[in-house]
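Peer 1: Sequence:
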Amino acid sequence: MHGQVKWFNNSKGYGFIGHAGGPDVFVHYTAILAAGYRTLSEGDSVEFEIAHGPSGPQAANVIKTPEPQGG
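Note that this note's numbering has the sequence shown beginning at 2, numbered continuously upward.
No wet-lab data here; the hints were simulated from the structure. Any given hint might turn out to be false.
[Said to hold, decoys possible] Cut-off 20 Å, straight-line C-alpha distance, at most; resulting in silico cross-link-like pairs (DMTMM-like, lysine to aspartate or glutamate):
| hint | residue 1 | residue 2 |
| --- | --- | --- |
| 1 | LYS65 | GLU48 |
| 2 | LYS65 | GLU50 |
| 3 | LYS7 | ASP25 |
| 4 | LYS65 | ASP45 |
| 5 | LYS65 | GLU43 |
Let the sequences and hints guide you as you build the complete structure.
Peer 2: In structure tokens:
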């Protein structure tokens with residue numbers, strides 16, 4: 002599913018992703034599929050899956066997607 006990062010705290014390693022399918026989804030840095038330092042920035046476009054975590058739904062297999070080109 003597609004979403005947009007609402008906020009992400011680099012120090013704590015978590016944040017939330019907003020999407021059209023329902024409420025914002027918790028995301029932990031360990032769910033980000035990237036090489037090196039795994040982080041997200043407010044406004045990043047992402048593709049992700051929803052998994053069941055210990056405190057409810059959370060994002061899994063998070064991949065940053067390219068920003069649409071303006072024109």
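Peer 1: Which earlier hints turn out false for this structure, listed by number in ascending order?
Peer 2: The structure breaks none of the hints.
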